[in-house]
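**Q** Residue-level listing of the chains:
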Amino acid sequence: MDRVRQQTERLSRLFRDAGAVPVETSVLQPADTLLDLYGEDIRARAYVTSDPVLGEQMLRPDFTVPVVQRHMEEGAEPARYTYQGLVFRKQEAGTGRASEYTQVGYEVFDRTDPSGADAEVFALFAKALEGVALDAFTGDIGILTAAVAGLSTTERRRSALLRHLWRPVRFRALLERFSLPATRLVPQLVSDVPEIGLRSSAEVDARLAALREDAQTAPLDATELHALQAILEISDVAPNALANLRKIAGDLPAISGALDQLEARLSALASRGVDVDRLNFSGAYGRTTMEYYDGFVFGFHADAQVPVATGGRYDALTRVLGQGREIPAVGGVIRPELLETLT
Amino acid sequence: MIKLGIPSKGRLMEDTFAWFSKRGVTLARTGSDREYAAEVSGVEGVSLVLLSAGEIPRELATGRIHLGVTGTDMVREKIPLWSEKISPLAEMGFGHADLIIAVPNFWSDVETVGDLDAVAAAFRKDHGFRLRIATKYHRLVREYLQKQGVADYQLVDSQGATEGTVANLTAEAIADITSTGATLEANHLRMLSDGPILASQATLFASKVADWADCDLASLTRVLGLENPDIGECR
Numbered sequence: 631m632d633r634v635r636q637q638t639e640r641l642s643r644l645f646r647d648a649g650a651v652p653v654e655t656s657v658l659q660p661a662d663t664l665l666d667l668y669g670e671d672i673r674a675r676a677y678v679t680s681d682p683v684l685g686e687q688m689l690r691p692d693f694t695v696p697v698v699q700r701h702m703e704e705g706a707e708p709a710r711y712t713y714q715g716l717v718f719r720k721q722e723a724g725t726g727r728a729s730e731y732t733q734v735g736y737e738v739f740d741r742t743d744p745s746g747a748d749a750e751v752f753a754l755f756a757k758a759l760e761g762v763a764l765d766a767f768t769g770d771i772g773i774l775t776a777a778v779a780g781l782s783t784t785e786r787r788r789s790a791l792l793r794h795l796w797r798p799v800r801f802r803a804l805l806e807r808f809s810l811p812a813t814r815l816v817p818q819l820v821s822d823v824p825e826i827g828l829r830s831s832a833e834v835d836a837r838l839a840a841l842r843e844d845a846q847t848a849p850l851d852a853t854e855l856h857a858l859q860a861i862l863e864i865s866d867v868a869p870n871a872l873a874n875l876r877k878i879a880g881d882l883p884a885i886s887g888a889l890d891q892l893e894a895r896l897s898a899l900a901s902r903g904v905d906v907d908r909l910n911f912s913g914a915y916g917r918t919t920m921e922y923y924d925g926f927v928f929g930f931h932a933d934a935q936v937p938v939a940t941g942g943r944y945d946a947l948t949r950v951l952g953q954g955r956e957i958p959a960v961g962g963v964i965r966p967e968l969l970e971t972l973t
Numbered sequence: 382m383i384k385l386g387i388p389s390k391g392r393l394m395e396d397t398f399a400w401f402s403k404r405g406v407t408l409a410r411t412g413s414d415r416e417y418a419a420e421v422s423g424v425e426g427v428s429l430v431l432l433s434a435g436e437i438p439r440e441l442a443t444g445r446i447h448l449g450v451t452g453t454d455m456v457r458e459k460i461p462l463w464s465e466k467i468s469p470l471a472e473m474g475f476g477h478a479d480l481i482i483a484v485p486n487f488w489s490d491v492e493t494v495g496d497l498d499a500v501a502a503a504f505r506k507d508h509g510f511r512l513r514i515a516t517k518y519h520r521l522v523r524e525y526l527q528k529q530g531v532a533d534y535q536l537v538d539s540q541g542a543t544e545g546t547v548a549n550l551t552a553e554a555i556a557d558i559t560s561t562g563a564t565l566e567a568n569h570l571r572m573l574s575d576g577p578i579l580a581s582q583a584t585l586f587a588s589k590v591a592d593w594a595d596c597d598l599a600s601l602t603r604v605l606g607l608e609n610p611d612i613g614e615c616r
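The listed protein sequences correspond, in order, to chains A and B.
Just so we're aligned, residue 631 is where the first sequence starts under my numbering, counting upward by one.
Just so we're aligned, residue 382 is where the second sequence starts under my numbering, counting upward by one.
Hints listed in this document are in silico derivations from the structure and should not be mistaken for laboratory results.
Just so you know, even glycine gets a beta-carbon here, dropped at the ideal spot from N, CA and C.
Please note that a few of the clues may not be correct.
Said to hold, decoys possible - Only part of the chain B face toward chain A is listed, based on derived beta-carbon distances under 10 Å:
#1 V430
#2 G474
#3 F475
#4 V491
#5 D496
#6 L550
#7 S560
#8 T564
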């Protein structure tokens with residue numbers, strides 16, 4: 631226990647030395663914000679409790695949300711924060727994973743140099759974890775988003791895919807459906823059945839019209855579809871991955887901007903001493919586990935499934951929590967209990 | 382002595398009595414109609430415990446009863462890692478019920494769970510909150526919708542009269558047990574075409590965690606014509 635505490639203190643000091651201001655957040659967080667962000671799935675992951683005055687509360691499942699909220703309310707820019715404390719996650723029975731564990735985190739809010747901020751966080755984490763037998767993995771959700779946004783199909787189909795970027799099952803089902811000629815016979819609005827509930831017949835009618843329009847839409851372009859799948863299959867050292875992605879961009883030019891950012895990030899990483907020639911990059915990394923990340927993503931893994939450290943960029947989250955305002959943000963957490971089992 | 386837990390009232394109890402009686406084991410209530418006592422004849426070493434059907438899964442999982450009759454749906458909803466604690470001995474062929482998702486019948490744009498997902502996205506945009514699904518089977522429904530990759534919904538608790546929640550404007554869709562579908566139809570609801578979340582029926586379960594010392598399960602399963610289950614140290 632003492633060693634975990636020492637480890638926590640060591641990481642916290644490292645983050646403070648890097649210029650981060652220590653912040654604290656409440657353990658009890660209003661459930662509605664988290665539910666709004668994560669959806670019903672969070673109920674299966676977070677402990678929910680209720681207060682007669684405050685209403686439904688959750689034991690904090692992470693620090694990111696309260697730290698972002700706090701920054702949006704009172705923070706000056708640019709800002710760097712660090713925090714340490716327990717987070718609480720319900721685990722599936724039988725997995726043996728901890729349902730209460732420490733996170734030590736580092737978050738950067740800076741709008742001047744996104745690639746530099748990405749590199750700063752990753753390099754700092756690499757330094758914090760130096761000498762531990764861990765493999766670093768990186769990815770970039772921004773490339774996937776750009777790829778989907780660049781498909782030459784209807785806006786409706788693009789946003790349906792974007793909405794499910796983080797849910798591979800539904801994403802694949804949508805891709806399959808959009809790749810084939812539509813066969814669905816769209817029914818008419820029925821008039822002999824009573825209209826019940828809050829959803830009106832106008833809403834039903836609007837969707838029927840959308841379905842009819844969708845039935846006229848041509849299948850996804852086979853070349854673009856292939857390019858999208860090729861992005862998801864990429865898993866290589868970063869320079870090779872970038873070279874392959876540049877080739878894919880020949881078929882899907884919309885990803886070029888995101889690739890420029892990846893290239894800028896790689897040189898920023900190199901200039902901070904990260905050996906990018908040996909850094910893993912996977913096109914699908916971070917797609918299933920980290921819903922709010924929307925750009926650079928990374929994780930440090932031992933053999934065990936649960937990563938010792940994870941992080942990434944979450945610009946969109948600040949937009950949602952900032953009610954109209956936004957600030958590019960990147961950060962990550964280290965789990966000292968897991969780290970301690972490896973040293 | 383093997384403790385056998387069965388539902389204490391109604392159709393489920395009668396069907397359970399009939400199932401055992403057909404196999405030469407007579408279960409009967411003793412005393413007055415209101416007294417929860419019962420006896421067993423036709424086999425030695427079995428005592429009856431009359432319980433509310435909803436409590437039987439938990440009693441099996443804690444090992445306070447050795448055998449119990451309840452629905453698959455109850456076991457899966459109430460007992461995490463149920464298969465480590467409870468083993469099904471026999472499906473009994475009655476109490477059939479499917480856990481299904483149903484939407485208003487006039488939603489002619491919705492056939493599948495994929496449609497429901499698309500509607501949930503639009504509904505949230507139009508109404509400012511997530512599409513509500515009323516149910517008492519929170520765990521099973523959430524796991525199912527998560528596996529199907531459905532987003533933008535919320536579960537609202539409904540412990541009874543769930544089919545009425547849509548007309549009462551407290552939910553947009555429901556997830557509930559149905560056997561014939563008549564109640565759904567009467568409430569102008571229709572189930573999704575993907576098939577049920579779970580097909581349930583009354584099942585005789587054995588507890589793997591109960592103390593089976595001084596229990597002669599082999600005799601009972603022989604009389605009932607069942608396979609001996611794998612419940613660890615059982616003799």
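**Q** Checked against the structure, which of the hints given earlier come out wrong?
**A** 1, 2, 3, 7, 8
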